[in-house]
Amino acid sequence: MRRRLLPAAAAAWLLALPAAADVVTATSTTVVTAGQPNRDGELTTAVPVYELVSLSASEMKTSWGEFEAALSAWGAVDASAIRFWQNGAPAGSRASGDVDVAYLRGDLLARRLTVRLGRQVVVEGAARMLHLDGGQAVVRLPAGFGFSAYGGAPVAPRFDARGTAFTTGNTVATVAYGGRVSWARAGLVELGVSASMATADGDLTRRDVGADLRITPHHLFEISSAGFYNLPEKRLGQVELALGVEAHRTVRLVVDYQHVEPDLFLPRNSILSVFAADKRNDIGGGLRWTPTRALAIDADYHLLRADEGDGNRARVKGTYRPYGRWVVGADLQLLQVPDNGYWLARVFASRELGRFAGSLDGWFYRYDKQVNGQDQSAGGTLTGSYQLAPSWKVALAGTAGSDPFYKSRLDVMAKLVWNQLYTREVR
Amino acid sequence: MKRATLLSSLLLLAGACGFKATQTQAVERVPTTFPHEIHGGFDCADCHTGIIKSMQLGDSKLPGVAKCEECHDRTSKEDKAKFNPPRRKAREYELRFDHAAHLKRVAKGDCTACHKDLPAPGQPWNTAPSMATCTACHTHKTDFAEARCSPCHVSLKRYPLKPISAFSHEGNWVKEHGKLAKGSAESCATCHEQTYCAQCHATATRPIRPEILFPEKVEVDFIHRADFVSRHKVEVAADPASCRKCHGSHFCDSCHKEQGLSPRSLSPRDPHPAGWSSRGSGTAFHGDAARANILSCAGCHDQGAASICVMCHRVGSAVTNLNIHPPSFKQTDKTKPMCRACHP
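Quick mapping for you: the protein sequence lines, in order, are chains A and B. Counting in my numbering, the first sequence runs without a single skipped number right up to 427 at its last residue. Counting in my numbering, the second sequence runs without a single skipped number right up to 344 at its last residue.
Any given hint might turn out to be false.
[Said to hold, decoys possible] Each computed SDA-like pair below joins lysine to any residue, with the alpha-carbon atoms no more than 25 Å apart: (1) B:Lys179 to A:Lys369; (2) B:Lys336 to A:Gly309; (3) B:Lys334 to A:Glu261; (4) A:Lys279 to B:Glu219; (5) B:Lys175 to A:Leu243; (6) B:Lys53 to B:Ala107; (7) A:Lys279 to A:Gly309; (8) A:Lys393 to A:Val47; (9) B:Lys245 to A:Gln336; (10) B:Lys179 to A:Gly151; (11) B:Lys233 to A:Ala314; (12) B:Lys67 to B:Gly40; (13) A:Lys369 to A:Ala349; (14) B:Lys175 to A:Val47; (15) B:Lys104 to B:Pro121; (16) B:Lys233 to A:Leu303; (17) A:Lys393 to A:Ser28; (18) A:Lys369 to B:Val65; (19) B:Lys179 to A:Ala242; (20) A:Lys369 to B:Gly275; (21) B:Lys53 to B:Val65; (22) B:Lys175 to A:Pro338; (23) A:Lys61 to B:Lys245; (24) A:Lys279 to B:Glu176; (25) B:Lys217 to A:Leu303.
Since the hints were made in silico from the structure, they are not lab data. Given the structure is predicted, the values throughout are model-derived calculations rather than measurements.
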């Protein structure tokens, strides 16, 4: 009896939370996709129906502090064949579902302390966007100092076993914890030192310390840097350094450098972590030029230096918004590594016409060496949407093309979206 | 069970009622009664005495009746009513602002440098200058472009039209935003709850990629856009660590297995070139490839002690007994389960 009462009360309490909130955001997205994925040389027909919901209730003001509750979850049913691949998660049943985030956040002690409990993502410092079931606390101290700490169990898909070889996330661990000490002076400096630890059933999988820095000595000039050091291997896993300059009111320049040792991104209990210690260095830069309010040109180039040889990554993208409801653009990309490379040409456009909106996205690849016996790939997506009511939208998209793995393919997506923001009072 | 159903139904109803009550309501602003314009001969700080030391909004109270009585004699009944204005309600502010710091920077501490228009009697009691007044001095173009609002704004969640067009998140924002978030997740949280982040970053649980869910957002640089499957091998070779920030080995292997490319496949096909296992017997050697990009190997072979690597490389193996560790290898604790796979 008590076992049934508790979840029912918890669910009702969660649904009652918006009543106490000043700001409530709720979305519902019903999606149907249809396509024919390849499974070991055989085409299967997959028609999954998804329902994705999110609800956040913020600015719940109490005498203890201000609270926020957030939930993002989904469920799916396979109307045709069971999808054999669900982002690496177990796929044995026609019905599936999961919780992306579900947490309660409290800003306490006049916002000096923030606590978040539940399923969440941890962003700060060397955490590397850790998806966690646990808690995080952030303490804001006087004079710009701060401290944050987190702990919990890295999320396993579909509530499966954690910390096993079948974990699909970036952290193979049963327990993860860490924190960051920071100092900031608004508009001038942000500095942080962080640690990120993880174990799988007591076996070490991660032990990194990191640092991040951002200096804005002038409002037109910015230096940022971040990196982490792996303690067991006594090596730098990654160092990033970027220098940004507003050279002109229409031109922003960035010069950046990255050193990365990819094997240190493997969990330390992986057998493969003992085989290699490769180093990579990328150096390059980019610019954004906005000659008119409607036109933006983004370009960048990076030299990719690796032990096995050098490569190049380059890109030019132009986006033109001639009128408020038009977007037209083109994107040209090059990626070359010793093993292979490609050229990508992409064009895109979107247009709003009253309640209607349409968009087109087309692409063409040319590979330096054949991929599965083919050296090119082409395709496009056509999307149309209609605003049914202020909070309701329906959209239909079709993607067709030919690529190295499909002589021809057609995927269809239809969605119904409801998106609503409620506010109690605007101050 | 019946009691549980009844209780949860009641609570659900209570929640639903509360939810409906959160519809947008009119802004309540009390009209001012104070005629600023006829008190023009005074400095603002003559009456607003606390403002000079005020470091946050709300900590300096409005002048009280005692301040009026320094000049006005309120002996009559009419005067008493006249000099007893309604008090402003206590409220929480959505901005952080330090009057004391700003007054030092304004010529002669002139309040009208920012407060150009003061409300006349009967007008809404709103003295806050527009944001353009702030940006007239604080050009902070980079902060503006990167949507770093938190130094001034406590929260922007209640704004229904989040100023995405103004805060353009310029350039290759999909690539750049992660670097900024490391030190300023709080800035992101000014507008975005984690339900927003989860659309891309809940990689272990999310069932559908953002470029499939949002095909209409053609100008956004989604990472896996435009036939990513065909080019993913080139991307892994160019920046394997970037893939690893979201995906574990099993994520890759679970698809490779279904395509017959993994040792775990029912009918595995060998995707490697001829002569892969021995140096000099083909165009490529697996040891060189592993040294160059071990994360690529992990896409199929990261099964711990059951890995195909252990079969040959374990100590005492009949096939080979080479030291496969790189020169920089520092792990010396052979009691770990990983080590015992090869060093029994």
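Here is what the structure says about each hint:
1. Between lysine 179 of chain B and lysine 369 of chain A the alpha-carbon distance is near 33 Å, which puts this suggested pair outside the 25 Å criterion.
2. Our distance criterion of 25 Å between C-alpha atoms is broken by lysine 336 of chain B and glycine 309 of chain A, whose separation comes to about 34 Å.
3. Restraint check for lysine 334 of chain B and glutamate 261 of chain A: the C-alpha separation of about 23 Å stays at or below 25 Å, so the hint holds.
4. Under the criterion of a C-alpha separation no larger than 25 Å, the hint pairing lysine 279 of chain A with glutamate 219 of chain B is inconsistent with the structure, at around 33 Å.
5. Using a Cα cut-off of 25 Å, the hinted pair lysine 175 of chain B and leucine 243 of chain A holds, with the two alpha carbons roughly 15 Å apart.
6. With a CA separation close to 17 Å, the supplied pair lysine 53 of chain B and alanine 107 of chain B stays within the 25 Å bound.
7. This hinted pair checks out: lysine 279 of chain A and glycine 309 of chain A have alpha carbons roughly 11 Å apart, not beyond 25 Å.
8. For the proposed pair lysine 393 of chain A and valine 47 of chain A, the alpha carbon gap of about 21 Å is at most 25 Å, so the pair holds.
9. Using a Cα cut-off of 25 Å, the hinted pair lysine 245 of chain B and glutamine 336 of chain A holds, with the two alpha carbons roughly 22 Å apart.
10. This hinted pair checks out: lysine 179 of chain B and glycine 151 of chain A have alpha carbons roughly 22 Å apart, not beyond 25 Å.
11. Straight-line distance between C-alpha atoms of lysine 233 of chain B and alanine 314 of chain A comes to about 18 Å, which keeps the hinted pair within the 25 Å bound.
12. Taken as a hint, the lysine 67 of chain B and glycine 40 of chain B pair is honoured in the structure, with Cα atoms around 16 Å apart against an allowance of 25 Å.
13. With a CA separation close to 30 Å, the supplied pair lysine 369 of chain A and alanine 349 of chain A exceeds the 25 Å bound.
14. For the hint pairing lysine 175 of chain B with valine 47 of chain A, the CA-to-CA distance comes to about 32 Å; that exceeds 25 Å, so the pair is violated.
15. Distance restraint check for lysine 104 of chain B and proline 121 of chain B: the Cα-Cα separation of roughly 30 Å exceeds the 25 Å cut-off, and the hinted pair is therefore not satisfied.
16. Between the alpha carbons of lysine 233 of chain B and leucine 303 of chain A the distance comes to roughly 19 Å, so the proposed pair stays at or under 25 Å and holds.
17. Of the pairs offered as hints, the one joining lysine 393 of chain A and serine 28 of chain A holds, with about 11 Å between alpha carbons and a cut-off of 25 Å not exceeded.
18. Taking the CA atoms of lysine 369 of chain A and valine 65 of chain B, the gap is about 84 Å. The hint is violated against a cut of 25 Å.
19. Between lysine 179 of chain B and alanine 242 of chain A, the direct Cα distance comes to roughly 10 Å. Compliance with the 25 Å bound is thereby established for this hinted pair.
20. For the hint linking lysine 369 of chain A to glycine 275 of chain B, the alpha-carbon distance of about 20 Å falls within 25 Å, and the restraint holds.
21. With a C-alpha separation of about 21 Å, the suggested pairing of lysine 53 of chain B with valine 65 of chain B holds against the 25 Å cut-off.
22. Of the supplied pair hints, the one linking lysine 175 of chain B and proline 338 of chain A holds, its CA atoms being roughly 23 Å apart against a limit of 25 Å.
23. A hinted pair counts as satisfied when its Cα atoms are at most 25 Å apart, and lysine 61 of chain A with lysine 245 of chain B does not qualify at roughly 36 Å.
24. Of the pairs offered as hints, the one joining lysine 279 of chain A and glutamate 176 of chain B holds, with about 22 Å between alpha carbons and a cut-off of 25 Å not exceeded.
25. With a CA separation close to 29 Å, the supplied pair lysine 217 of chain B and leucine 303 of chain A exceeds the 25 Å bound.
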